[in-house]
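*Asks:* Next come the chains, spelled out residue by residue.
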Amino acid sequence: MEKIIEHLNEVTVRFAGDSGDGMQLIGTQFSDTAGFAGNEVNTFPDYPSEIRAPEGTLYGVSAFQVHFGSKHITTSGDFVDVLVAMNAASLKVNLAQVREGGIVIVNTEGFDDRNLKLAGYARNPLEDVGLAKYHVFAVDMSKELKKAFIEVELPSKLIQKTRNIFALGITYWLFNRPLDPTVSWINKKFKGKEDVILANVHALQGGWNFAEKNPDFRKQYVIDKSKLPPGKYRSITGNQAVALGLVVAATKAHLPLFLGSYPITPATDILHAISGYKQYGVKHLQAEDEIAAITSAIGAAFGGSLAVTTTSGPGLSLKTEAIGLAIMTELPLIIVDVQRAGPSTGLPTKTEQSDLMQAMYGRHGEAPIPVLAAASSADCFNMTLEAARIALKYMTPVMLLTDGYIGQASEPWRIPDVDKLPDIAPNFAADPSTFKPYVRNPETLGRLWAIPGMQGMEHRIGGLEKEDGSGVVSHDPINHQKMVELRQKKVDGIANDIPDLDVMGEAKGDLLLLSWGSTYGAANNAYENLRSQGQKVSFAHLRYLNPFPKNLGDVLHRFDRVVIPELNLGQLKNLIQAKYLKRVIGINKVQGKPFKAIELEEKISVLLTMTNIKKWPSKKSNLDIPVDL
Amino acid sequence: MNTIIDDLVNKPHSGESHYTSKDFKPDVDVRWCAGCGAISVLSPAQRLMPELGIPKEKIVFISGIGCSGRFPYYMDTYGFHGIHGRALPIASGLKIARPDLSVWVVTGDGDNMSIGGNHFIHACRRNVDMNVLMFNNEVYSLTKGQYSPTSHRGQITKSSPLGALDDPFNPVALALGASATFVARGHDKDRQQLQNLLLQAHQHKGFSFVEIYTNCRIFNDGAFDLYTNAETREDHSVWLEHGKPMVFGKQKNKGIKLDGFRPTVIELTEGGHSINDVLIHDEKDSTLAFILANMTYAETLPRPMGVIQNHTDRSSYEDRVVEQIQHEVEEKGIGNLENLLLGSSHWEI
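Residue numbers (the working numbering), protein chains in the order written: chain L, 43 to 671; chain A, 14 to 362.
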């Protein structure tokens with residue numbers, strides 16, 4: 043039978059099943075293979091906070107979404123083109139995201155009476171007309187696996203464990219993907235377990251063969267290579283990128299790296315990665331709590347390490363007093379907050395951008411701290427280097443915000459040539475005869491770093507206010523005002539040392555879409571789509587939140603309307619309104635999920651049609667017009 | 014893996030390194046109250062430092078919050094005055110990052126047993142090589158007189174005008190229970206003995222905990238008189254010495270005898286008990302250490318002072334960190350950054 047080949051620019055595939063079904067694993071393999079095949083890729087792991095919730099339940103469904111294409115891909119995809127559902131519950135949870143006419147591949151063995159009941163289906167949906175608007179492939183994977191293994195002698199228990207790999211094989215056929223990358227991964231992963239390797243490789247090929255021979259599968263989709271700059275690429279999550287960024291930053295600064303951390307979702311992957319880097323001389327302490335995690339890092343910073351602590355919102359709350367200590371002692375320290383949905387325990391595995399205010403102001407006293415935010419998984423690497431540069435140059439703790447989305451989602455990363463990355467120069471004291479702990483570099487206002495072991499520079503620092511220069515404990519009121527202002531001025535001055543805000547589209551005009559952090563992907567995508575529709579929209583993205591880029595005020599005032607999408611109720615919006623006296627329209631989402639580009643696109647399209655409030659909000663306009671969309 | 018700090022901190026000490034206690038006195042006024050027990054710890058510490066044979070730039074004193082927290086400002090070494098309760102993790106991070114340093118922690122009963130209690134038990138079990146001097150005055154003094162986790166039940170303080178309802182921690186028992194390897198108790202009225210305890214703490218490789226009874230003249234004056242004053246301490250405390258019988262009393266006529274696991278006091282009289290009946294102290298014996306620690310609040314028994322336990326059965330944490338790194342390097346070679354960035358799979362475009 044003739045195969046039909048269709049070319050597509052972009053596709054979103056979602057793998058869904060029970061928590062124990064290995065969906066994260068095949069999703070990762072699928073995305074790595076897409077990257078290997080030269081596509082741009084963005085992924086979204088979507089899993090429950092339970093480790094292995096009861097089988098077949100709605101709340102136990104785990105999913106992994108892969109958006110890939112030949113065009114520029116910055117989000118994990120608004121709608122699903124291909125859903126792989128391993129049981130009834132995963133179909134029920136995920137079907138609404140599949141576009142009409144999309145492909146649904148189901149494992150029919152997950153649709154027995156028990157599974158249907160657990161999923162809350164009164165009737166089998168596979169026999170329902172409701173599925174008619176999708177292209178459904180119903181496959182009894184257990185049965186097909188048995189057939190595929192007819193000539194291979196392996197325990198049936200082992201064979202049945204490879205159902206996910208079989209499903210992966212089917213999707214590889216669908217997109218005409220090479221099997222080699224996954225085969226070599228299987229060989230590495232199960233090294234020494236020959237029967238496991240055989241079972242998985244055979245299941246992968248079995249899935250492919252099944253589709254190839256099955257008359258229902260006639261159409262294959264081809265996604266051409268993207269126009270990526272040449273180089274070596276790998277797939278990377280934000281958490282991995284932070285871990286690598288830390289090792290590279292320490293190398294570039296010629297400092298030992300110390301991580302003090304306490305396990306917390308979704309930041310723990312950074313701790314996992316760093317704890318495996320012993321051959322790079324990295325030291326880490328899994329501390330007894332969040333406070334010990336950061337204070338051990340402060341101790342290491344006092345001793346001359348590039349010191350880091352990694353956490354998520356609840357942990358950041360616990361660290362706040364210690365951040366104040368690092369500010370007061372003016373020691374370099376990197377605090378990575380992989381934000382999650384709060385308050386309190388909130389939605390631990392879901393994403394949000396709601397720690398911005400805490401990052402900016404969540405301390406007692408006047409306690410300014412530079413705040414950076416990574417725009418994407420790969421950008422986490424760059425911003426980690428930036429955090430290290432600023433911390434060491436200005437002798438200050440630096441807050442790096444990422445979030446559960448980019449922390450765990452992956453995208454292709456062009457691996458940099460480490461030798462070509464700039465060195466980072468720590469601010470070490472050199473002359474004992476003039477050394478005093480709070481004598482500053484006149485340009486950066488950073489104090490000099492003298493560490494134990496440096497002879498003749500013995501000194502005492504701590505949380506008490508110190509006299510300017512000498513560093514002697516001082517309760518003098520004038521000195522305190524001076525020191526508070528100096529610490530503020532030091533952080534403010536970093537604005538001279540960071541790039542200006544780039545504006546895409548017209549440099550001035552009606553509407554500026556301004557994003558920060560992980561909303562970059564959806565905002566950039568929405569911007570590109572609106573532009574391609576001929577809409578006059580400009581776009582800018584903030585990586586530096588404290589201090590803001592020097593030109594931010596100018597940029598804002600060149601536009602009639604500024605729209606800020608955020609996964610919170612308007613935290614950046616409020617910061618900007620307060621600082622620049624510019625009214626901002628917020629688009630706010632707090633559902634534990636990233637924005638879809640279409641959500642932003644639709645809202646901005648509506649705004650663009652509201653020409654009567656083009657200058658909105660002005661004095662004339664009424665406040666009963668919704669401030670936020 | 015060589016870093017810039019190796020060059021900075023491993024330079025040979027230039028010039029004279031024979032110190033006197035004066036070399037450890039910075040040019041600042043000591044602001045503790047006159048007669049404060051803390052002052053009586055400062056001078057033995059300053060006198061001990063020259064004896065350690067360590068260049069003073071390699072010595073670090075770290076504190077938390079409370080009257081004890083000011084200690085680092087009064088030692089002319091490197092010093093870090095942390096936040097309340099967190100001296101131990103600060104010191105742990107420093108020592109793990111910099112095993113070449115001699116790290117000392119000065120803390121108090123509130124700082125270490127209350128807000129820092131969690132760090133204390135974990136520092137004990139982790140066994141980072143550092144010396145912890147806990148000034149115990151059984152009261153919160155810097156906040157002007159509230160009961161602390163070592164105050165006794167019924168103690169009248171500003172926050173317990175009708176008497177505290179809490180029972181106290183027994184710090185040495187807590188340390189032992191959390192697997193501390195060196196546990197000792199001293200007091201502020203015998204500087205020579207205290208200096209000797211600090212020396213032993215320093216010599217012990219691993220986590221060393223020294224509880225020091227320090228009198229607070231203002232808020233809890235005389236709390237330890239029975240055990241520390243020259244006139245009464247002989248009869249109310251027993252000074253433990255490794256390998257020696259636990260004899261006490263002004264006349265050295267009393268001793269500790271074990272009745273099963275229960276320590277009892279025996280009178281050494283002619284025809285009655287002899288020195289041979291008296292329990293011999295073995296600071297390596299962790300079972301004995303628990304028995305001794307539990308004598309602390311027993312009214313009929315003398316209070317145990319000196320080194321209760323001192324063993325090195327467990328390696329120190331920072332050594333294990335270094336060993337793990339060395340092992341990895343031996344197995345896999347020094348990490349190649351290029352390979353690390355490439356990861357397990359990559360592709361070329």
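Everything labelled a hint here was simulated from the structure, so no lab data went into it.
Built from N, CA and C at the ideal position, the CB exists for glycine as well.
Honestly, I wouldn't trust all of these hints.
As the list claims (entries may be wrong) - From the structure, some residues in chain A lie toward chain L, with a derived Cβ separation under 10 Å: (1) Pro-39; (2) Val-73; (3) Phe-74; (4) Pro-85; (5) Gly-92; (6) Trp-252; (7) Gly-256; (8) Pro-258; (9) Asn-289; (10) Val-291; (11) Glu-331; (12) Val-334; (13) Asn-349.
*Asks:* Tell me, in ascending order, the numbers of any earlier hints that this structure violates.
*Replies:* 6, 7, 8, 9 and 10
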